[in-house]
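If you're matching positions, the sequence shown starts at 2 in this note's numbering and goes up one per residue.
If you are wondering where the hints come from, they were derived from the structure by calculation, not from laboratory data. Treat the hints with care, as some may be off.
To be verified - For each label pair, taking beta carbons as the anchor points, the in silico distance ranges come out as: (1) Asn65 <-> Ser134: 24 to 30 Å; (2) Leu78 <-> Gly135: 15 to 21 Å; (3) Thr157 <-> Glu97: 18 to 24 Å.
For every residue, glycine included, the Cβ atom is placed at its ideal position computed from N, Cα and C.
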Amino acid sequence: MRISRLLRQKGAHMLRCLCAQRTEPNSTDTEPQLKGIVTRLFSEQGFYLQMLPDGTVNGTKDENSDNTLFNLIPVGLRVVAIQGVKAGLYVAMNGEGFLYSSEAFTAECKFKESVFENYYVIYSSTMYRQHESGRAWFLGLNNEGTIMKGNRVKKTQPCSHFVPRPIEVCMYKEPSLHELDEKQRSRKNSGTPTPLELNAFLHPNKQQQLQHRQASSETKINEVT
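Using the sequences and the accompanying hints, generate a full structural model.
Given below as C-alpha cells:
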C-alpha cells in the first residue's frame, strides 16, 4: 500500500513538473514550444487507457502495447490535450458526455488535469459540466475497461482515477485550435454508441419491426412498378 502510494505521488509530482511548461522559440522556429510528456495512463480499475489505430478509446491490461502511449500536451494552465501516439488523434468529449477521437484539435479536446487527494490524477472536460450543480464531467473507465459517459463519472470514484507513468519528456508545437464541426466528431470510432445505435441496442424488437416495415414497403413499391 505504501509503495503504491509513493508511485502515485511520484507520478503526480512528475506530471506537475513536466507539464504546463513553455520555452522560448529558437531562431529557426517561430512556433512556441511546449514541454509535455509521453506517458501511459493507468486506471485504478486496473486498465491502461488505450487508443486503437481506428480511434477507438478503451482500456487494456497490456502494459506494453504502443496503443497505450499518449502525448500529454499542455495547452493552458493545468489544461492538457491527450493525443494517441500511434493513432495521432485527440481524445475529446462531446456535449452528451460521450468520449470520441478527433483528427482536429478543438475545444472539446481540452481536459483540466487535477491531482486528487490520494495522488491519483483526474481529467475533466473544460467545456462541459452539469447545468444545475456545476459538477465537472470526467474521463473514466469502468471495471470492464469500457469508457464511461463523462456526466456519469464522479471524481471520488475509482473509475476517474489515473496514475501517469511518464516515458519521456518531449517538445511539442502548440496545436492549432479548430472550430467545432460535426464532421470532425468521429464518434463512430469512439467505442461509444451513437443515439441510433444506442436505441437499436436498447430496443432491438422495435428496430427489427422497423426494418421489416421498410422491407415490406420496398416490396410493395416494386410490385406496383
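Hint check:
Remark: the range hint 24 to 30 Å for Asn65 to Ser134 is contradicted by a beta-carbon distance near 40 Å. Taking 15 to 21 Å as the suggested C-beta distance range, the pair Leu78 and Gly135 conforms, at roughly 19 Å. Our hint of 18 to 24 Å for Thr157 and Glu97 holds, since their Cβ atoms are close to 23 Å apart.
Hint 1 from the list above is the single one not met by this structure.
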